[in-house]
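Visitor: Chain by chain, the residues run as shown.
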Amino acid sequence: MSQVHIKTKINGDNIEFLCDPEETLLDILRDKLHLTGTKEGCGTGDCGACSITLDGKLVCSCLVLGAEADNSEISTIEGMSNGEKLHPLQQKFLDHAALQCGVCTPGILVAAKSLLEKNPDPTESEVRYWLAGNLCRCTGYDKIIKAVLDAAKEMRS
Amino acid sequence: MRYVAAKSAEEASNFLLQETGVSRVLAGGTDVLVQMKSGMIEPDLIVDIKKIPGIRNITELDGFFRIGAAVSGSEVKDHENINKMLPGVVEALDLIGSTQIQGRCTMVGNLCNASPAADSVPALVAVNAKVNIIGPQGERSCNVEEIPIAPGKTSLKKGEFIVSVDIPYRPEFSSDAYLRFTPRTEMDIAVVSASVAIEMSKEGICENAKVVLGAVAPTVKIVGDASKEIVGTKLDESSLKKMSLKCVEICEPISDKRGTVEFRTEVAGVLASRAAKIAYKRAGF
Amino acid sequence: MSPLDNTYEKQFKVIGTRPPRPDGIEKVTGKAQYGADLYVPDMLYAKILRSPHPHAKIISIDTSEAEKLDGVKAVVTSKDFSKFSDNKPSDTLVNCIAHEKALYDGHCVAAVAALSNTIAKSALKLINVEYEILPHVTDVDEAMKTDSPIVNKGYVLENVPKGFSENVTSYYEFGHGDLDNGFNNADLIVERTFKTEAAHQGYIEPHACLASMTPDGKADLWCCTQGHYNVRALCADIMGMESSQLRVTPSEIGGGFGGKTTIFIEPIALALSLKSGKPVKLVMTRDEVFKATGPTVSSSMDVKIGMTKDGVITAGEANLRYQGGAFPNGTVEMGAQSAFAAYDLKAVRTKGWNVLTNRPKQAAYRAPGAPQAIYAVESVVDELCQKLNLDPLEIRIKNAAKKGTKSSYGPTFDDIGLIATLEAAKKHPHYLAPLEENQGRGLSCGFWFNFGGDTCVTLNVNFDGTIGVTEGNPDIGGSRASISQMAAEELGISYDKVRTIIADTNSLGHNEVTDGSRVTFAVGLATIKAARAAIKEMCKRVSLIWGIDEDAVRWENGSAIPAGPNAGQFDPMSIEEIAAMSSQTGGPIAGHHEVNAEGAGVSFGVHLADVEVDKETGSTKVLRYTVFQDAGKAIHPSYVEGQMQGGAVQGIGWALNEEYIYGEDGRLQNAGFLDYRIPVASDLPMIEPVILEIPNPGHPYGVRGVGETSIVPPLAAINNAVSRATNIRFSELPLSPPKVLSSLKKEINDG
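Protein chains in written order, with the working numbering: chain A, 1 to 157; chain B, 1001 to 1285; chain C, 2001 to 2751.
Mixed in with the good hints there might be a few duds.
[What the hints assert, rightly or not] To spell it out: a stretch of chain A is covered by chain C in this simulated footprint if at least three of its residues, at any positions, have a beta carbon under 8 Å from a beta carbon of chain C; those stretches are: (1) 3-13; (2) 22-30; (3) 38-51; (4) 56-69; (5) 105-116.
In short, the hints are calculated from the structure, not lab data.
Glycine included, every Cβ here is placed at the ideal spot set by N, Cα and C.
Excised from the complex, chain A in its bound form (with noise of 0.2 Å):
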């Protein structure tokens, strides 16, 4: 078994690692470059929260090998603030209440960012549905959806 060079940019970044042929790209994330933002909930694209964005498109990274990811270009949660400023959606997430345990927050942040590029003006019915991907277990989705909708209006204005 041998192993597979692989060149990335990851947040900004060019990185480059070896994998071995099954590992899936959130293996890699995590387990080689520790970038532990991006979650493991089910491995199965089921709950989004390995969520991440591979040249510009949502993915589950749980779903995507490593090797496939040869200069490509990769966002994750790691990257959403920028320096000690963070982005509006994360603020949101903070002044909504957003989260409880936290476990599912980068995914849907990642995720909702996704959205907010695509659409700047969603719907609480189209934000619903965007996240219906991302799983979580704790706050019922209300606070969650509150705060998106709140970053959408301040990122508009």
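Let chain A serve as the given structure and place chains B and C on it in line with the hints.
Guide: Frame of chain A, contents of chains B and C only:
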């Protein structure tokens, strides 16, 4: 396990042909990686087809759309003309998994996974889609419904894989719709599904119809008798009711953790009737 | 505690505000470290081999091939745990690793530690286990029958009535009054049998730990848990260690809801670490979480209630049968206690039987035992109201438990907020909002005891006058914020001057698990007492500086001041000034408090649910949902609302779609988030929370626990709403579409 990214369709076919162990084609990976994780399959070789030139393109050709095998669900959804002409196909694709899955999953993957519950398959069959296959014997094409032959099994031969899907343009006053039943609004596998494609006269009489059911048999069911009930009508309640009964009659589902025989049978008819109404409205009536 | 201690009638400055949580930025930037996020040098990765059989004798386990695999550093089986050879294995140990028998699908039989997850996974395939398959049982009613396969012998308690199989291990009975007389006085009696399936807590973070153990018997364990002191006690017992030698550090926790109050993998990681001489990380996969952690019980229940024409409940009776897997548990006792807690009854009787089956050992899940029993009772009350054409809310007010009510489980209630909560629901616009065709409105009360328990808090006054609070309860929903608020309130300083952290097991005395909705109550109480101790010490220091009696100094708004005109004329001394001088006045200042907290104060909630049922498919959509709950005093209202909304949605999931599905083969068929269907964002409306504040006399600020009550009412609220929307009374959860549709068809066919 080995991973290779094929540079051409011929190369991919050759990799698949040469492999003596278990091989899998990788496009979106949303089925293959799940099966690997659960230990359902342990491939010796993964052939990534996404680097093949043109395989991620949607092209509008004379009389049909050609959708490359590695085009993701969200890319099809974002295509203006497909959206306009084939709303049922788009809504079927849109129901496969979450937004995250949409960014990766492909129609061809959905087809080759050969699940009786695949969302895009009834929709593609209803609009007479064909697939283009490359293999050791060169190219061939066939109807979508000829690919899955049993749950988890396709008619593709060793070394063959699908490179694209062709969907004919729809005539004026026609439309399609896809509905599935799931306990949740999202993130579920279809318990039962129905796709209806209709072509109407400008007076609003149905001239041609195709009714297709999913998850009521080992493979997709084309319900010819149901189509007959609505051709020549304005899709009034009594014709829809007859159509619905024909759907119920043809069902031969199983009971499993997702639904019972009775439920699937009953709801197949309900969904077909509702889908027909949506398609009728979409056709402009 | 004397009532004089209570300050809940004063004006609060910090309590009731909504400051940002101290761990917030770490959690929105991905920096927070959860169970699986720690990596240490020379660390190994572990994987567990699990039984595919629900019930099987383990004839032999051959690990030799796995041990030979390159990169494998240790393999363990039950042979590696000396408690088995001493014949003293605890249920917890037997649940962590099977010894002579595998007791359920997914029971751990062996484990491997290797250089990578990939190698560990390959090694599992090289372990050869020879099983002798035994007959199994997974259904509670089947397991009680005398001809049922016996799951686990030797557990039957003496008071269990005769006539059942050995799987029935314990029996409970509560109540008072003359039932026969009560039923004789009723104008209408409804009697029904209900069933609920097991639900899983469904936390998004799988169990994870990292263990490092040395041959001299010392160990460090990092894990996600609701209670690291309990982890230490259980692991120390299993490993034959002294508590002082095992330091457990809790990670951030990605949800628990009761499911992380015990251990499943920690002893395995410790044993692998001991054997390999290296740190070992062990993380469960999602299917392991479903198969081999602790879902809630499933139940089969008979409820009989009598009512007069004008809505007085004359008698209530409930017989509860709960299965909680292959080991005994007391959940049915709590079900039997809570079933009729919301009512003031002259005649009431509840009985409970605990039953063993070949399923995983149940763990706590939010108000364990109560949702099932109260679902059955509240469904029957609703049916009586419907049949007698009575307003279900009025009838609940009419029969409601109140201060002085002798509860159905024995104690007499003190101040409780049930009637106020019902009145709030009655006044809310939701209750009278119009409904359309195929829609129904359901109502249910809910109840939970709440707990206090062993608690330690240390509060340090730093030299700059800021405060460090050290507590020992993992924060599962923002408790560090509310603890800081209570410290700030008591000291009269601002919230941002306080930082609360959670200590490891060696830094603080024993703390009961984060359960029983106890943290804001008990840790809050200890924090207030610790702050009072620090204030006392600060006043003493100031009395030394001022040269007056200790009693002549009192505390106000973050400063020491003379207690009255006779004490002398002194400018107030602020906490900063006192702290700066503390080294000169006797040394650093701290307050601490250790207590077995009592007086938690029961909690009631009322939920209103509107649903629409698609009569052609049996599908239910929740249209509107309002939660009314008595919080005693809401310290941080946002997190109180969060508990109310989150619990409600878990209950909605349980009512509509969530269930453990076992095949004929006794294997779990839906061990994943695809087919174990927790609600997704698009399934739900906003969940409106209405907080009531009826102070709990047992807490200085009036706090009641709020975490658990909210999962209790949704089961009946949804069931009643669906029943009213369809005019069919349902009595089995979940109300999955095939079940609802089949009842609708039957109704049509029966005319």
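Visitor: Taking the hints in turn, state whether each one holds.
Guide: Status of each hint after checking the structure:
1. Check on the segment 3-13 of chain A: 0 of its residues sit with their Cβ under 8 Å from a Cβ of chain C, so the three-residue criterion for coverage is violated.
2. Given as covered by chain C, the segment 22-30 of chain A passes the check, having 4 residues with a CB less than 8 Å from a CB of that chain where 3 are the minimum.
3. For the segment 38-51 of chain A, the stated coverage by chain C is satisfied: 10 residues place a CB nearer than 8 Å to a CB of that chain, which reaches the threshold of 3.
4. Given as covered by chain C, the segment 56-69 of chain A fails the check, having 0 residues with a CB less than 8 Å from a CB of that chain where 3 are the minimum.
5. Residue count for the segment 105-116 of chain A with a Cβ under 8 Å from a Cβ of chain C: 3. That meets the three needed, and the coverage hint holds.
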